[in-house]
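Trainee: Position chain X against the provided structure of chain D, taking the given hints into account.
Single-letter residue listing:
Protein chains: 2
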Amino acid sequence: MKKSLGAKVLAFPAPVWVVGTYGKDSQPNIMTASWAGICCSKPPCIYVSLREATHSYHSIMARKAFTVSIPSANHVKEADFAGIASGKDTDKFAKLGLTSIKSELVDAPYVNEFPVVIECKLVNTVPLGLHTMFVGEIVDVKADESVLLENGKPSIGSVNPFLYDTGQMKYWSIGQELSNAFEKEGKF
Amino acid sequence: MKKSLGAKVLAFPAPVWVVGTYGKDSQPNIMTASWAGICCSKPPCIYVSLREATHSYHSIMARKAFTVSIPSANHVKEADFAGIASGKDTDKFAKLGLTSIKSELVDAPYVNEFPVVIECKLVNTVPLGLHTMFVGEIVDVKADESVLLENGKPSIGSVNPFLYDTGQMKYWSIGQELSNAFEKEGKF
Chain D
229 MKKSLGAKVL
239 AFPAPVWVVG
249 TYGKDSQPNI
259 MTASWAGICC
269 SKPPCIYVSL
279 REATHSYHSI
289 MARKAFTVSI
299 PSANHVKEAD
309 FAGIASGKDT
319 DKFAKLGLTS
329 IKSELVDAPY
339 VNEFPVVIEC
349 KLVNTVPLGL
359 HTMFVGEIVD
369 VKADESVLLE
379 NGKPSIGSVN
389 PFLYDTGQMK
399 YWSIGQELSN
409 AFEKEGKF
Chain X
229 MKKSLGAKVL
239 AFPAPVWVVG
249 TYGKDSQPNI
259 MTASWAGICC
269 SKPPCIYVSL
279 REATHSYHSI
289 MARKAFTVSI
299 PSANHVKEAD
309 FAGIASGKDT
319 DKFAKLGLTS
329 IKSELVDAPY
339 VNEFPVVIEC
349 KLVNTVPLGL
359 HTMFVGEIVD
369 VKADESVLLE
379 NGKPSIGSVN
389 PFLYDTGQMK
399 YWSIGQELSN
409 AFEKEGKF
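Note that the protein sequences, when read in sequence, are chains D and X. Going by the working numbering, the first residue of the first sequence is number 229, and it counts up by one from there. Going by the working numbering, the first residue of the second sequence is number 229, and it counts up by one from there.
Incorrect hints may have been included.
Copies of the same chain look alike in the list, so a pair counts if it fits in one copy or across any two.
[Unchecked claim] With a straight-line Cα cutoff of 30 Å, these simulated DSBU-like cross-link-like pairs (lysine-lysine) come out: (1) Lys-412 with Lys-323; (2) Lys-398 with Lys-305; (3) Lys-305 with Lys-236; (4) Lys-236 with Lys-412; (5) Lys-381 with Lys-330; (6) Lys-292 with Lys-323; (7) Lys-230 with Lys-252; (8) Lys-305 with Lys-349; (9) Lys-252 with Lys-398; (10) Lys-316 with Lys-415.
If you are wondering where the hints come from, they were derived from the structure by calculation, not from laboratory data.
Same shape as in the complex, but just chain D (with noise of 0.2 Å):
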């Protein structure tokens, strides 16, 4: 018998994702979101949801594009920083230490310093209520040499991303590997 805990975010585990926008003066910003994912193959689209209150929003219906840059688990105090301050009265980029590099694909910036980006055009628009989807698709994702492996794809062992916990508002690390996906053979 399951105890009913109402209608509440209460899901696991949520990414903790750092969106890159140009404010009205070209003014690279970030921001970090954690109701985001992947929605989509092909095209393959990824989305981050954000309020209208937020720099962010209106930068992302200004310019059409988004940048996700995936930070490891030791830039956690960085991500927590630019999901607090805002970009109307904050150069993030310069308080967090962090470089900003113009995206030659889509109208965004990036984080240098994380291992994996993801550059998006806008192609979807989904207001929900607090929130709205933006659906980006994604025109190139790139990554630091380091993080590859032998196979071109990053590792997320290297990658180290973290999560973010609904239920007690913390982030957790990612742990081990524990099997191989679509094993066919065997199981049932």
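Mentor: Then chain X, alone, in the frame of chain D:
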């Protein structure tokens, strides 16, 4: 200097959620989705992205409802199987020895053996290409009492959800608590 990997869904981390639906003959069915996440706080909403080729896609279209049951790492094999076999020709609940519980709130079943379940009514359908996003408003979250902390919220460590690694197509466990989120004082 980052290396370009192309336009691919290489984003970390992705959740592993099990979507519960009723098919044509009210046959309870589950399928595993990692293109899934939280997308709005008010009203509380999550989404799952499914291919039209799946049985579950048509069930959600017909019933306007779905559940998400969050498996623990000890059910990684069951979750993997539920993402491979089709409800068209397989009774996955029976095959996996899992128990289907009929939601009293929405027209969909959930998995009794998984510690947290989320009951959703369909509020938005967003076709994107190979995948269609189904946005569900959360009507209730239910959890086993064994995973609840004193504040009444589930412990991510006790739920022990796991992740999908889009790079190497493997499942990964969660690790450890890193820090509180929304720490306003004294970092920068």
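Trainee: When no copy is named, should Lys-381 and Lys-330 be tagged within, between, both, or neither for a Cα gap of at most 30 Å?
Mentor: Close inside one copy (23 Å), not across copies (41 Å); limit 30 Å.
Trainee: Between Lys-236 and Lys-412, at a C-alpha cutoff of 30 Å, which is it: within one copy, between copies, both, or neither?
Mentor: between (35 Å within a copy, 24 Å between copies)
Trainee: Checking an output row: Lys-292 and Lys-323, CA cutoff 30 Å. Within, between, both or neither?
Mentor: within (26 Å within a copy, 46 Å between copies)
Trainee: At 30 Å max between alpha carbons, let me know whether Lys-316 reaches Lys-415 within a copy, between copies, both or neither.
Mentor: between (54 Å within a copy, 19 Å between copies)
Trainee: From the Cα coordinates, with 30 Å as the cut-off, is the pair Lys-305 and Lys-236 best called within, between, both, or neither?
Mentor: Both: 26 Å inside a chain and 28 Å across chains, each within 30 Å.
Trainee: Please work out whether the CA atoms of Lys-252 and Lys-398 approach to 30 Å or closer within one copy, between two copies, in both situations, or in neither?
Mentor: neither (32 Å within a copy, 41 Å between copies)
Trainee: Since the copies are identical, ignore which copy is meant and state whether Lys-398 and Lys-305 lie within 30 Å (CA to CA) inside a copy, between copies, both or neither.
Mentor: The answer is both: 12 Å in one copy and 28 Å across copies each meet 30 Å.
Trainee: Go through the copies and call it for Lys-305 and Lys-349: within, between, both or neither, with a Cα cutoff of 30 Å.
Mentor: within (28 Å within a copy, 36 Å between copies)
Trainee: When no copy is specified for Lys-230 and Lys-252, does a C-alpha distance of 30 Å or less occur within a copy, between copies, both, or neither?
Mentor: Result: close only across copies, 27 Å inter versus 49 Å intra.
Trainee: Is it within, between, both, or neither for Lys-412 and Lys-323, if the alpha carbons may be no more than 30 Å apart?
Mentor: So Lys-412 and Lys-323 pass the 30 Å test across copies only (14 Å; inside, 49 Å).
When held up to the earlier numbered hints, the structure conflicts with hint 9 and nothing else.
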